[in-house]
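Peer 1: Residues per chain, in single letters:
There are 2 protein chains.
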Amino acid sequence: MKPSVGLIGLGLMGRPMAANLLKAGYSLTVWNRTRARADELAKLGAKVASSPREAAASSDVLLTILSDPPALEAVLWGSDGALAGLRKGSVLVDSSTVAPELARRIAAACAERSADFLDAPVTGGTWGAEKGELVFMVGGKKEVLDHIEPVLAAMGKRFLHMGGHGAGQTVKLAMNLILALEVQALVEALQLVTRSGVEAARLIEVLQSSMARAAVFDVKAPMILAGTFAPSFPLRLMHKDLAIAMDLARQAGLQLPAGSAAEQTYRAVRSSSSDDPDYAAVARFWQ
Amino acid sequence: MKPSVGLIGLGLMGRPMAANLLKAGYSLTVWNRTRARADELAKLGAKVASSPREAAASSDVLLTILSDPPALEAVLWGSDGALAGLRKGSVLVDSSTVAPELARRIAAACAERSADFLDAPVTGGTWGAEKGELVFMVGGKKEVLDHIEPVLAAMGKRFLHMGGHGAGQTVKLAMNLILALEVQALVEALQLVTRSGVEAARLIEVLQSSMARAAVFDVKAPMILAGTFAPSFPLRLMHKDLAIAMDLARQAGLQLPAGSAAEQTYRAVRSSSSDDPDYAAVARFWQ
Numbered sequence: 097m098k099p100s101v102g103l104i105g106l107g108l109m110g111r112p113m114a115a116n117l118l119k120a121g122y123s124l125t126v127w128n129r130t131r132a133r134a135d136e137l138a139k140l141g142a143k144v145a146s147s148p149r150e151a152a153a154s155s156d157v158l159l160t161i162l163s164d165p166p167a168l169e170a171v172l173w174g175s176d177g178a179l180a181g182l183r184k185g186s187v188l189v190d191s192s193t194v195a196p197e198l199a200r201r202i203a204a205a206c207a208e209r210s211a212d213f214l215d216a217p218v219t220g221g222t223w224g225a226e227k228g229e230l231v232f233m234v235g236g237k238k239e240v241l242d243h244i245e246p247v248l249a250a251m252g253k254r255f256l257h258m259g260g261h262g263a264g265q266t267v268k269l270a271m272n273l274i275l276a277l278e279v280q281a282l283v284e285a286l287q288l289v290t291r292s293g294v295e296a297a298r299l300i301e302v303l304q305s306s307m308a309r310a311a312v313f314d315v316k317a318p319m320i321l322a323g324t325f326a327p328s329f330p331l332r333l334m335h336k337d338l339a340i341a342m343d344l345a346r347q348a349g350l351q352l353p354a355g356s357a358a359e360q361t362y363r364a365v366r367s368s369s370s371d372d373p374d375y376a377a378v379a380r381f382w383q
Numbered sequence: 097m098k099p100s101v102g103l104i105g106l107g108l109m110g111r112p113m114a115a116n117l118l119k120a121g122y123s124l125t126v127w128n129r130t131r132a133r134a135d136e137l138a139k140l141g142a143k144v145a146s147s148p149r150e151a152a153a154s155s156d157v158l159l160t161i162l163s164d165p166p167a168l169e170a171v172l173w174g175s176d177g178a179l180a181g182l183r184k185g186s187v188l189v190d191s192s193t194v195a196p197e198l199a200r201r202i203a204a205a206c207a208e209r210s211a212d213f214l215d216a217p218v219t220g221g222t223w224g225a226e227k228g229e230l231v232f233m234v235g236g237k238k239e240v241l242d243h244i245e246p247v248l249a250a251m252g253k254r255f256l257h258m259g260g261h262g263a264g265q266t267v268k269l270a271m272n273l274i275l276a277l278e279v280q281a282l283v284e285a286l287q288l289v290t291r292s293g294v295e296a297a298r299l300i301e302v303l304q305s306s307m308a309r310a311a312v313f314d315v316k317a318p319m320i321l322a323g324t325f326a327p328s329f330p331l332r333l334m335h336k337d338l339a340i341a342m343d344l345a346r347q348a349g350l351q352l353p354a355g356s357a358a359e360q361t362y363r364a365v366r367s368s369s370s371d372d373p374d375y376a377a378v379a380r381f382w383q
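Protein chains in written order, with our numbering: chain A, 97 to 383; chain B, 97 to 383.
The following block holds chain A by itself, in its conformation from the complex:
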């Protein structure tokens, strides 16, 4: 019999993930701070829990995907939080992007309640979430991952075991560091050419024939050239991830000169943007 599944956090990623779980035939209980979003899922067949605790109590596998650490902590440890409702022998899977240290703290709290934990942040964006083609970077016990892989398979195409608790988060933060720097490299290079009187499109043209081409440029270069930044991955979340990565580096006594420059650049744009743009809006740094 299929395990019952719970999902907490119906944002840009959580909604299509929930829809795909229902499509795959899972019995799904959802909870979201803004109730209206849960009600939309109810129309597709989801049960709506009245609290994170109730969602946990109804689930063999409980997924959480929240936008930042405070939101995740509130859902887990707050009043009527999920940890208090966790079933013995159940598995909590967190797909938020948070610090590895927080992942390890959650793992310990699960162990106290005889439940298992996986940190399982994802890559693939809203497009991957909708198509069910997410890639999960997983930290925790390999056998727990093997056990719940059918559930993840409803939402993704790859489930890569990165190591013990927190390893999924570590790799996700490292990957976002690369993405943030790739996009910053592109906008700095575009500034250099346009300020020197060369058209931006000329650089893009050459990039496509060169070793410098990166997959993310296909998506972000058109946004940058057009100056429109509808959020696919919001800059505030990219900056949040960079800040967590820099904290992690600091704790490890590690210098990251380019990463540190990126964190400061994204921070500057975040604090000067009155809207909620995609992270390609780091191009606004020079406005």
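If you're looking for bench data, these hints aren't it; they were derived computationally from the structure.
Watch out, some of these pointers could steer you wrong.
Any copy, or any two copies together, can satisfy a pair, since identical chains are not distinguished.
[What the hints assert, rightly or not] Straight-line alpha carbon distances no greater than 20 Å define the calculated DMTMM-like cross-link-like pairs of lysine to aspartate or glutamate that follow: (1) K98 with E245; (2) K98 with E136; (3) K227 with E245; (4) K119 with D176; (5) K237 with E295; (6) K336 with D164; (7) K336 with E169; (8) K143 with D156.
As the structure is a prediction and not an experimental result, all values here were calculated from the model.
Using the hints, position chain B against chain A.
Peer 2: Below, chain B without anything else, positioned relative to chain A:
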């Protein structure tokens, strides 16, 4: 009739470019500071000039490809330099990577001698030079590029007109800024995961399934994981290009936070390396 061609600078790039010109049936005169390398080309059918001036005097199209601005300036303006020998109506094509301002100075010197000039730095590396698949980024008059394109076609597959004199150099510097930052992003991300106890190979595995994948990683990641840095594109040249790009930014009153961090990081590794490694050796920053 095919124009006579001269080529000055028989380094890692110049040698295969010269060989491809001979293969395409061009009458070729070469000059190189170290005579032995010119003699190797003579065995393939090249004439060997006794000075840059003589090479210029024998050529309708004269190519220069030197490793840095001082080497280029010596070849052009030094005693028996190429500029003094340039034929009226000939075209000087410089494929070195230098400042756009130097390209414009050479263009002016050519104009005084009734010759044309193109700055035409290349991308594709030694592999592209050997296969005749270089991409040329060209600054100067479009009609001059059209006129000499058959000569470039012996060495490359694309000849992209970037704008007026110096525009080729500007785009090349911007592209190398992107490459340098992509590789630095990779090594910073690898430091972050390995210092956190996660294997480097795990990050590489995830990268390949993600938007963060970049063409340069396919070549540099194996070097970084193995810790062996046989020079494909030497770090000292990448640092030279970053330093020129930072000069250009400074002149334009332009802040490049990540580029500046990269220039400093590559500089540190350059000054502490006793060998001549590939630029992937920026990974040594943390040793």
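Peer 1: Could you run down the list of hints and mark each one as holding or not?
Peer 2: Structure-based check of all given hints:
1. For the homomeric pair K98 and E245, the shortest alpha-carbon distance inside one copy (12 Å) is at most 20 Å, but the shortest distance between copies (66 Å) is not.
2. Taking CA atoms no more than 20 Å apart as the test, K98 paired with E136 passes in neither setting, with 23 Å inside one copy and 72 Å between copies.
3. Proximity of K227 and E245 under a CA criterion of 20 Å is satisfied intra-copy only: 17 Å inside one chain copy versus 46 Å between copies.
4. For the identical chains of this complex, K119 and D176 are neighbours neither inside a copy (29 Å) nor across copies (78 Å), given an alpha-carbon limit of 20 Å.
5. Taking identical chains as interchangeable, the C-alpha atoms of K237 and E295 lie at most 20 Å apart only when they sit on different chains, with a minimum of 16 Å there against 52 Å within one chain.
6. In this assembly of identical chains, K336 and D164 lie within 20 Å of each other by CA distance solely inside one copy; the values are 8 Å within and 41 Å between copies.
7. Taking the shortest alpha-carbon separations for K336 and E169, only the intra-copy value of 15 Å comes in at or below 20 Å, while the best inter-copy value is 48 Å.
8. Taking the closest pair of Cα atoms, K143 and D156 come within 20 Å of each other only inside a single copy of the chain (15 Å); across copies the shortest separation is 80 Å, beyond that limit.
When held up to the earlier numbered hints, the structure conflicts with 2, 4 and fits the remainder.
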